[in-house]
Amino acid sequence: MNILKNMEAVFVAAFAVAAFATYATADVVPVAKPAAQVSVEAKMPTVVVSAKRLTAAEKARLGS
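For the sequence shown, our numbering gives the first residue as 728, with consecutive numbering after it.
Please note: incorrect hints may appear among the correct ones.
Claimed, not checked - Okay, the calculated beta carbon distance ranges per label pair:
id : residue 1 : residue 2 : range
1  : Asn733    : Ala753    : 43 to 49 Å
2  : Ile730    : Met771    : 41 to 47 Å
3  : Arg780    : Ala746    : 58 to 64 Å
4  : Val774    : Ala736    : 57 to 63 Å
5  : Leu789    : Ala745    : 57 to 63 Å
6  : Val776    : Met734    : 57 to 63 Å
7  : Val744    : Lys770    : 41 to 47 Å
8  : Tyr750    : Asn729    : 28 to 34 Å
9  : Phe747    : Val776    : 56 to 62 Å
10 : Leu731    : Thr752    : 30 to 36 Å
11 : Val775    : Val739    : 43 to 49 Å
12 : Gly790    : Ala745    : 31 to 37 Å
These are computed hints drawn from the structure, not numbers from a lab. Remember, it's a predicted structure, so these values are computed and weren't measured experimentally. Ideal Cβ positions, reconstructed from N, Cα and C, are used throughout, including at glycine.
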């Protein structure tokens, strides 16, 4: 049997064995997840930009 001609079958067989071993050795104990706590008073951080906008002439001068 030439292994290069049957590489797809070898890959599928190895994948099946690996998948079966993964499920066979996995812990089945469910872990209780804590409920997410959302604070009603939590404020979203904001960014305040306090600068004046450039005029068209100032933009043209900076672009050159």
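Results of checking the hints against the structure:
1. Asn733 x Ala753: 43 to 49 Å: Because 30 Å falls outside the window, the suggested range is violated.
2. Ile730 x Met771: 41 to 47 Å: violated, 60 Å
3. Arg780 x Ala746: 58 to 64 Å: Once the Cβ atoms are compared, 60 Å apart, the range 58 to 64 Å for alanine 746 and arginine 780 holds.
4. Val774 x Ala736: 57 to 63 Å: holds, 58 Å
5. Leu789 x Ala745: 57 to 63 Å: Taking Cβ atoms as reference, leucine 789 and alanine 745 lie about 60 Å apart, which means the hint holds.
6. Val776 x Met734: 57 to 63 Å: holds, 60 Å
7. Val744 x Lys770: 41 to 47 Å: Given about 54 Å between the Cβ atoms, the range is violated.
8. Tyr750 x Asn729: 28 to 34 Å: Check passed, 32 Å falls within 28 to 34 Å.
9. Phe747 x Val776: 56 to 62 Å: For phenylalanine 747 and valine 776 the Cβ distance comes to about 58 Å; the hint holds.
10. Leu731 x Thr752: 30 to 36 Å: Cβ of leucine 731 to Cβ of threonine 752: about 32 Å, so the range 30 to 36 Å holds.
11. Val775 x Val739: 43 to 49 Å: violated, 59 Å
12. Gly790 x Ala745: 31 to 37 Å: With a Cβ separation near 59 Å, glycine 790 and alanine 745 fall outside 31 to 37 Å, so the hint is violated.
Comparing the model with each earlier hint shows violations of hints 1, 2, 7, 11, 12; every other hint is respected.
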